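Asker: With chain A fixed as given, assemble chain B onto it according to the hints.
Each chain, written out:
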Amino acid sequence: METFELKVADQHGTLAVLEVAGYINNEGGEVIAKEARKLLDAGSRTLLLDLRSTRIINSIGISLLLEVLERTLEVNGLLAFCSLTPSIAKTFQIMGLAQYARIFPDRPSALAELAPAQ
Amino acid sequence: MMATPVRVRLVLPRKPRAELLATRAVEEAGQRIAFPRDTLAEVKLAVVEACLNAFEYGLGEIEVEVVAHPDNAHAWIEVAVVDHGPGFDPAGVARPILEDKLKSRRKRGWGLELIRRLMDEVEITSQPGLTRIRMIRRTGGV
Numbered sequence: 001m002e003t004f005e006l007k008v009a010d011q012h013g014t015l016a017v018l019e020v021a022g023y024i025n026n027e028g029g030e031v032i033a034k035e036a037r038k039l040l041d042a043g044s045r046t047l048l049l050d051l052r053s054t055r056i057i058n059s060i061g062i063s064l065l066l067e068v069l070e071r072t073l074e075v076n077g078l079l080a081f082c083s084l085t086p087s088i089a090k091t092f093q094i095m096g097l098a099q100y101a102r103i104f105p106d107r108p109s110a111l112a113e114l115a116p117a118q
Numbered sequence: 119m120m121a122t123p124v125r126v127r128l129v130l131p132r133k134p135r136a137e138l139l140a141t142r143a144v145e146e147a148g149q150r151i152a153f154p155r156d157t158l159a160e161v162k163l164a165v166v167e168a169c170l171n172a173f174e175y176g177l178g179e180i181e182v183e184v185v186a187h188p189d190n191a192h193a194w195i196e197v198a199v200v201d202h203g204p205g206f207d208p209a210g211v212a213r214p215i216l217e218d219k220l221k222s223r224r225k226r227g228w229g230l231e232l233i234r235r236l237m238d239e240v241e242i243t244s245q246p247g248l249t250r251i252r253m254i255r256r257t258g259g260v
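Protein chains in written order, with this note's numbering: chain A, 1 to 118; chain B, 119 to 260.
With the rest of the complex left out, here is chain A (with noise of 0.2 Å):
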């Protein structure tokens, strides 16, 4: 039932595609949450979670992404989203995410947009 899984799909200078699978509640977002702070001590600064293969997250999932949105921010990072059900955009919309934090509706056009940069 929903199996969560974690991958650091792709790294490009300093951007990191981490894809998400499965439900994110309190111990998916701790290894999001763990494998962002990883990243982020290495020297990324910009993580764009795919969630293509996500359908279901909850508030305790939604508190640890705030900590990695946080996180982000505090080393003038980004954090980044794409590839989201209609109901988590409407989540994140209800949240008001897309003030610090980047939604794209797909990779490829995250990438295009992210990936030059680095």
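No wet-lab data here; the hints were simulated from the structure.
Remember, predicted model here, so these are calculated numbers, not experimental data.
Check the hints yourself; a few may be wrong.
[What the hints assert, rightly or not] With a cut-off of at most 30 Å between alpha-carbon atoms, the simulated DSSO-like pairs for lysine-lysine come out as follows:
1) Lys90(A) / Lys38(A)
2) Lys34(A) / Lys133(B)
3) Lys90(A) / Lys7(A)
4) Lys38(A) / Lys7(A)
5) Lys90(A) / Lys34(A)
6) Lys38(A) / Lys221(B)
7) Lys133(B) / Lys90(A)
8) Lys34(A) / Lys7(A)
9) Lys133(B) / Lys7(A)
10) Lys221(B) / Lys7(A)
11) Lys90(A) / Lys221(B)
12) Lys34(A) / Lys221(B)
Answerer: Just chain B, lined up with the frame of chain A:
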């Protein structure tokens, strides 16, 4: 003649990810009345939040009732999540503001806001021993 509503009742075990059992009930009931898939996904997110609230603050069993009302033009889904905790005052729950959350150590507190914004109607009744979150989403709503 009005078609019969699809009714699902379940009692959630206090186990990690048990809220997903409630989302499965919503999915199945919604599919049986051909409720729009994207709208159903929003109902599921709201139900997850109601269940998490019940797990966190409730005691004993968490009961979930899903009723899917078929209607060609105005199908609707009603979900009630009941717990038996000490209760809370919904009016006393502050609306989260992202800017403040980013500055704060406590980044949680989005659940009720999401429920209210993802559903068309939300009614919370709470007293010691019984808290009930009843929510409705209609096709074409929100």
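Asker: Next step is simple, just say for each hint if it's right about the structure.
Answerer: We went through each hint and held it up to the structure:
{"no.": "1", "hint": "Lys90(A) / Lys38(A)", "verdict": "29 Å, holds"}
{"no.": "2", "hint": "Lys34(A) / Lys133(B)", "verdict": "24 Å, holds"}
{"no.": "3", "hint": "Lys90(A) / Lys7(A)", "verdict": "25 Å, holds"}
{"no.": "4", "hint": "Lys38(A) / Lys7(A)", "verdict": "13 Å, holds"}
{"no.": "5", "hint": "Lys90(A) / Lys34(A)", "verdict": "25 Å, holds"}
{"no.": "6", "hint": "Lys38(A) / Lys221(B)", "verdict": "22 Å, holds"}
{"no.": "7", "hint": "Lys133(B) / Lys90(A)", "verdict": "28 Å, holds"}
{"no.": "8", "hint": "Lys34(A) / Lys7(A)", "verdict": "12 Å, holds"}
{"no.": "9", "hint": "Lys133(B) / Lys7(A)", "verdict": "27 Å, holds"}
{"no.": "10", "hint": "Lys221(B) / Lys7(A)", "verdict": "29 Å, holds"}
{"no.": "11", "hint": "Lys90(A) / Lys221(B)", "verdict": "23 Å, holds"}
{"no.": "12", "hint": "Lys34(A) / Lys221(B)", "verdict": "20 Å, holds"}
The structure fails none of the hints (numbered hints given earlier).
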